[in-house]
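Based on the hints, put chain D in the right spot on chain E.
Protein chains: 2
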Amino acid sequence: MLLKVKSLKFVAGRPVAIISRRTARALSVYVGERIRLKNRKEMLAIVDISKGILKENEIALSQEILDEMKISEGYAVEVNAAPRPKSAEHILEKLDGKELDYQSLHEIAQDIVNNALTEAEIAYFISGMYIHGMTERETVALTKAMVSTGKSMKIKNAIDKHSIGGVAGNRTTPIVVSICSSTGLVIPKSSSRAITSAAGTADVMECFSRVEFSVQDIKRIIHKANACLVWGGALNLAPADDKIIQVERILGLDPEAQLLASILSKKISIGAKYVLVDIPYGKSAKVEKAHAVLLAKKFEKIGSILGLKIKTILTDGSQPIGRGVGPILEARDVYSVLAQKSDRPLDLEKKSLLLASLILEMMRKTKKGKGLEMARDILESKKALAQFKNIIEAQGGTLKNIENKLKPARFSHTFTSQKSGIVKEISSKKIASIAFSVGCPADKAAGLLLHVHDGFRVKKGDPLVTLYAETREKLGFAKDSFTKLNPVLIK
Amino acid sequence: MLLKVKSLKFVAGRPVAIISRRTARALSVYVGERIRLKNRKEMLAIVDISKGILKENEIALSQEILDEMKISEGYAVEVNAAPRPKSAEHILEKLDGKELDYQSLHEIAQDIVNNALTEAEIAYFISGMYIHGMTERETVALTKAMVSTGKSMKIKNAIDKHSIGGVAGNRTTPIVVSICSSTGLVIPKSSSRAITSAAGTADVMECFSRVEFSVQDIKRIIHKANACLVWGGALNLAPADDKIIQVERILGLDPEAQLLASILSKKISIGAKYVLVDIPYGKSAKVEKAHAVLLAKKFEKIGSILGLKIKTILTDGSQPIGRGVGPILEARDVYSVLAQKSDRPLDLEKKSLLLASLILEMMRKTKKGKGLEMARDILESKKALAQFKNIIEAQGGTLKNIENKLKPARFSHTFTSQKSGIVKEISSKKIASIAFSVGCPADKAAGLLLHVHDGFRVKKGDPLVTLYAETREKLGFAKDSFTKLNPVLIK
Numbered sequence: 001m002l003l004k005v006k007s008l009k010f011v012a013g014r015p016v017a018i019i020s021r022r023t024a025r026a027l028s029v030y031v032g033e034r035i036r037l038k039n040r041k042e043m044l045a046i047v048d049i050s051k052g053i054l055k056e057n058e059i060a061l062s063q064e065i066l067d068e069m070k071i072s073e074g075y076a077v078e079v080n081a082a083p084r085p086k087s088a089e090h091i092l093e094k095l096d097g098k099e100l101d102y103q104s105l106h107e108i109a110q111d112i113v114n115n116a117l118t119e120a121e122i123a124y125f126i127s128g129m130y131i132h133g134m135t136e137r138e139t140v141a142l143t144k145a146m147v148s149t150g151k152s153m154k155i156k157n158a159i160d161k162h163s164i165g166g167v168a169g170n171r172t173t174p175i176v177v178s179i180c181s182s183t184g185l186v187i188p189k190s191s192s193r194a195i196t197s198a199a200g201t202a203d204v205m206e207c208f209s210r211v212e213f214s215v216q217d218i219k220r221i222i223h224k225a226n227a228c229l230v231w232g233g234a235l236n237l238a239p240a241d242d243k244i245i246q247v248e249r250i251l252g253l254d255p256e257a258q259l260l261a262s263i264l265s266k267k268i269s270i271g272a273k274y275v276l277v278d279i280p281y282g283k284s285a286k287v288e289k290a291h292a293v294l295l296a297k298k299f300e301k302i303g304s305i306l307g308l309k310i311k312t313i314l315t316d317g318s319q320p321i322g323r324g325v326g327p328i329l330e331a332r333d334v335y336s337v338l339a340q341k342s343d344r345p346l347d348l349e350k351k352s353l354l355l356a357s358l359i360l361e362m363m364r365k366t367k368k369g370k371g372l373e374m375a376r377d378i379l380e381s382k383k384a385l386a387q388f389k390n391i392i393e394a395q396g397g398t399l400k401n402i403e404n405k406l407k408p409a410r411f412s413h414t415f416t417s418q419k420s421g422i423v424k425e426i427s428s429k430k431i432a433s434i435a436f437s438v439g440c441p442a443d444k445a446a447g448l449l450l451h452v453h454d455g456f457r458v459k460k461g462d463p464l465v466t467l468y469a470e471t472r473e474k475l476g477f478a479k480d481s482f483t484k485l486n487p488v489l490i491k
Numbered sequence: 001m002l003l004k005v006k007s008l009k010f011v012a013g014r015p016v017a018i019i020s021r022r023t024a025r026a027l028s029v030y031v032g033e034r035i036r037l038k039n040r041k042e043m044l045a046i047v048d049i050s051k052g053i054l055k056e057n058e059i060a061l062s063q064e065i066l067d068e069m070k071i072s073e074g075y076a077v078e079v080n081a082a083p084r085p086k087s088a089e090h091i092l093e094k095l096d097g098k099e100l101d102y103q104s105l106h107e108i109a110q111d112i113v114n115n116a117l118t119e120a121e122i123a124y125f126i127s128g129m130y131i132h133g134m135t136e137r138e139t140v141a142l143t144k145a146m147v148s149t150g151k152s153m154k155i156k157n158a159i160d161k162h163s164i165g166g167v168a169g170n171r172t173t174p175i176v177v178s179i180c181s182s183t184g185l186v187i188p189k190s191s192s193r194a195i196t197s198a199a200g201t202a203d204v205m206e207c208f209s210r211v212e213f214s215v216q217d218i219k220r221i222i223h224k225a226n227a228c229l230v231w232g233g234a235l236n237l238a239p240a241d242d243k244i245i246q247v248e249r250i251l252g253l254d255p256e257a258q259l260l261a262s263i264l265s266k267k268i269s270i271g272a273k274y275v276l277v278d279i280p281y282g283k284s285a286k287v288e289k290a291h292a293v294l295l296a297k298k299f300e301k302i303g304s305i306l307g308l309k310i311k312t313i314l315t316d317g318s319q320p321i322g323r324g325v326g327p328i329l330e331a332r333d334v335y336s337v338l339a340q341k342s343d344r345p346l347d348l349e350k351k352s353l354l355l356a357s358l359i360l361e362m363m364r365k366t367k368k369g370k371g372l373e374m375a376r377d378i379l380e381s382k383k384a385l386a387q388f389k390n391i392i393e394a395q396g397g398t399l400k401n402i403e404n405k406l407k408p409a410r411f412s413h414t415f416t417s418q419k420s421g422i423v424k425e426i427s428s429k430k431i432a433s434i435a436f437s438v439g440c441p442a443d444k445a446a447g448l449l450l451h452v453h454d455g456f457r458v459k460k461g462d463p464l465v466t467l468y469a470e471t472r473e474k475l476g477f478a479k480d481s482f483t484k485l486n487p488v489l490i491k
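Keeping their order, the protein sequence lines are chains E and D. Each step along the first sequence adds one to the number in our numbering, with nothing skipped, and position 135 is 135. Each step along the second sequence adds one to the number in our numbering, with nothing skipped, and position 233 is 233.
Derived by calculation from the structure, the hints in this document are not laboratory data. There may be inaccurate statements among the hints.
The list treats identical chains as interchangeable, and a pair is accepted whether it falls inside one copy or across any two copies.
Unchecked claim - The calculated SDA-like cross-link candidates involving lysine to any residue, where the alpha carbons are at most 20 Å apart (straight line), are:
| hint | residue 1 | residue 2 |
| --- | --- | --- |
| 1 | Lys283 | Glu256 |
| 2 | Lys6 | Ala26 |
| 3 | Lys283 | Gly165 |
| 4 | Lys430 | Pro83 |
| 5 | Lys479 | Asn80 |
| 6 | Lys243 | Lys382 |
| 7 | Lys86 | Lys98 |
| 8 | Lys389 | Thr183 |
| 9 | Lys6 | Ile53 |
| 10 | Lys55 | Leu8 |
| 11 | Lys6 | Gln63 |
| 12 | Lys6 | Lys70 |
| 13 | Lys430 | Gly282 |
| 14 | Lys55 | Asp443 |
| 15 | Lys298 | Asp101 |
Chain E extracted, bound-state conformation (with noise of 0.2 Å):
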C-alpha cells in the first residue's frame, strides 16, 4: 500500500509509525507489530494507531525513521505488513523449552539490533532464558552473537576486570585500574551507569572527568595512559545485551546465562584476553555464597571456551564498603585512598588491594603471593595516584582543586544511634533505596556517608548515616525513607 509520510516531529526513540485504524485494518495489522517501509531505502517500525488524525493515505513517521530512511514530509512510501521475523519462531522454541544453536540465537541477536523485535517479544525470550535456563552450549553461543552482531575494539592482550555489584559504594574499579596500569598493564576499562544503584562506576567517574568518548578518542585515551575508565553505554559493544538489560529491568529479572553472556561478550568486544571477575556473595547481596560457588565456575568454564582467562574472587557482600554511597561521596572515597589520607575508608582500600594483587599475579608482574606487597607499594608510593592523574587528564579531565570539587550536596541530616550495641547489619538493599529517595544518580552530589560498619561498637546519640540532599523537599522525602526502612541493625 503506498502511503505518503506526513510529518509530526516526533521521536520515539525506536522506529515508530503511525497509521489510521483504517490503514491498520486494511494492513491486518495491530498497535506493537511491525510493518515495513520502502523508499530508497527499506525499514522495519512498529505500528501505533491514531483516532482522527490521519487521513487513510497517510503515515506518520518518528524523526528515527525519516533521518534513516532521509525522507520528510509529503514522500511516498511503500507500507506492507512485515512477516513475522524467523526471529521470533526461536523465541517460540526456547519458549518451549527447546536448546537454541549458535545461528538461531545471532538471528534474535540480529533482530534486536535491528528494532526488530518488540520488546514484548524479547520479554518473551527473556521468559524462555529465566524458567527453563540455558546450556553450557547456548550460554557460549548467546555470548558470541551478541559479540558478532555488536562494534569490537581490537586492543589487544587487554586485561578487565568486572563485580557483578549488588554492593553500595563498591567503587574498588578506579584504585584497583590505577594501581594495575601504572605497572605497564593495558586495562581499557567501560563501565556502567546507575540502574538501580546510587552510582555506577560512570557516574563516579564523571566527578573527575568526561567518561563519553568515542571508539576512536578511547583508543587515543589508551594510548596515553595505558587505561581508561569511561562509559561503555554509547560505545556500541554488544548492543543486543543492552537492549536485553532494559527489558529484564522492566521485571527486575536476570537470568544468568543472559548475566554470563553480558558480561563476557561486553569483555570480548572490548579486546580483554584476561579478565578478573569479583562475586560479592551474602545477605542483601547478589547471590548466597553456595550460589557465588557455582556462578565463579560457570563463568571460568565458559570463559575459556570463549578464549578468556578468567579468574574469580569470592568477595564478602554482606555490607556496604567505603563510608560514601553517591557519586560524589564515592569519589571523595576514591581520591582519599589513592591519595593516601588519614581518613581513608581502610576496607574499601583492602578490598582494592586484594583485586589489584590477584590482577598483578594473574599477568605475572610477581611471584605469587607477592601481589599484596607489590600493589600496597604501588598505593604507598603514590605511583596510583599519578596513574589516576594519567587517566583523568587523557580523558580531559583535572585533580587541581579536587577536593575543593568534591563536596557534597548543601542539605543534610545526620541520623543518630537510639541505644547501645553493636551494629549487626547494614543492608546495601535498604541503603540503595534511600539513595534513590535522596537523588542519586542524577543528583551527584546528593548521597549518603555511612559512620559505621558492622561489627562497630555504638553508644546511644553516636552518629550512623548522614544524608545529603539538592533540595530540602528531597531531604525530608529521604528522612522519611530512612526512617521506615531503617537500615543499620542495632543489638
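Just chain D now, with coordinates in the frame of chain E:
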C-alpha cells in the same frame, strides 16, 4: 519535577510521554518505563526518549493523555517516576511458578485495563501462564478478574455459542443463531473480526448490515429481534482479555488457561447463562482429538464453577467447511443455506443443524433426540431466513437484492487438478494463509471458492479452487502462494 507540556500532535494508541534524555536520566527512567503525570488529574504514561527536539523542562504528551487530562500546550505537569505497580510483583510470582489468587489476578487485569502494565510485562505474564499453566482455581479467578474489570451487558438468561476456531469457512453462527432465536430464545451474539483467519463472523455479518453498536443499541436490537450478530470489540466486555490477546498474537501463543478465561469472561460479561462450545479437532485444527476431550471437560467444569451451563461438542475440524473462504464468499454460503438454494453447501448446513439441535434440546424447546428434526423444520420452512431478516433489519441492513450485492472480487483464477485421484486432505491453515495473500479480511470480496472436499474423486483438469482478488497484483501474489503451499492433496 515540573515540566511544560509541548504538543507534538501525536497519538500512540496508548498514553505515551516523550522527554529528553537528560530529563529521563534525572527521573531515572528508561524507554518503556512508566511515569506518573499530575495536573488536576493524575495519569500514568509510558516513556519515550527524544534526541534533540525537546528541552530539558519540556514533555510531549500523546493526544490520549491531553484528552484524558484535559490539558494542552503550555500547561505544567508534575512528573515523577512511577513505582513498578504491585501487579508486576504478581507477574514475577507467576514466572516463578506460583499459583496466583483472585486479588493478585484482579490487580493484573485492572492494571492492564488502566495501561499501567507495558506490553513487555503482559508478555511476561503470558509466558508464566504458557510455561507453568494455571490451576482450575486460578483459571476461575482469572475469568472473574477479567469480567469485573470490564462492562457487563446483564441480558437475562441469554444463550451463546462459541467455536474455538481454526477451521476455514466454518460460518455456522449466523445460521445457528437464526434457527434458535426464531423459537424465542435470546442470543446476544458478539463476534470477533478476523485475526489470523480469512474472516471472522463480524467480518461476514458486515456484508449484510452494520456490526458496530453501543451496548444500548444492542439491547434495542435484541428487544426487536431476540438476537443480534454484532462485533464485540468495542463493547469493553472483559477488555483485559483483548489486550492480552493482542500481546499473545505477537508470538502466536494461546495458553489454555487464557483461552478458557477469554471465552468464558466474554460470555459472562454479555449475560449468557447457557453456552454451547464447539471444539473442532483434527489435523490443521487448533487441537487434536485427545486434547479436545480434555478441553471439553475443563470448559464444563470451570463453567459450572462460574455458574454457567456449558455443553460442549467435538466436531471434525480436519478440513474447511462450506465453499467460500473470505467475508463475501462466506456470506454467500450463509445466505444460500438460509434461503435453501439448491446449490447450498450441505456440509455447512449439516454442521449448523447439529449445533442448533443441541441448543434447542439444552433449552428444552423439544425433547432429547428431537432437536435435529426441529432445527431442520425451521430451516426448511424458511422461518430461519425470516428470523435472519429480522436481525439484519434491526441492525439497519436489508436482504433486498442481496445476491447481487454479494459478488466476489473482479479478478479470478481457477486451479485445476493436475492428475486424476481422490482428494485426501485440504489444509485449513494453508487455505487461511492463501486467503491472507489474496487480501482477506480487508478486501471483503476477495477469497477462495473450494470446488472439492475430502474424499471427492477428481479427474485431471477438474476445478479445485478459484481465487478472487481486488487487483491483478494481489491475484498474482495469491497464485504464487497457492502454488508454493499446495493446499489440496490428491492421491
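Outcome of the hint check:
no., hint, in the structure
1, Lys283 <-> Glu256, "within (18 Å within a copy, 39 Å between copies)"
2, Lys6 <-> Ala26, "within (19 Å within a copy, 32 Å between copies)"
3, Lys283 <-> Gly165, "within (13 Å within a copy, 52 Å between copies)"
4, Lys430 <-> Pro83, "between (46 Å within a copy, 16 Å between copies)"
5, Lys479 <-> Asn80, "between (55 Å within a copy, 18 Å between copies)"
6, Lys243 <-> Lys382, "neither (40 Å within a copy, 62 Å between copies)"
7, Lys86 <-> Lys98, "within (16 Å within a copy, 32 Å between copies)"
8, Lys389 <-> Thr183, "within (15 Å within a copy, 92 Å between copies)"
9, Lys6 <-> Ile53, "both (11 Å within a copy, 17 Å between copies)"
10, Lys55 <-> Leu8, "both (13 Å within a copy, 17 Å between copies)"
11, Lys6 <-> Gln63, "both (11 Å within a copy, 16 Å between copies)"
12, Lys6 <-> Lys70, "within (14 Å within a copy, 26 Å between copies)"
13, Lys430 <-> Gly282, "within (15 Å within a copy, 56 Å between copies)"
14, Lys55 <-> Asp443, "between (45 Å within a copy, 19 Å between copies)"
15, Lys298 <-> Asp101, "within (19 Å within a copy, 37 Å between copies)"
In summary, the structure is inconsistent with hint 6 from the numbered list given earlier, while agreeing with all the others.
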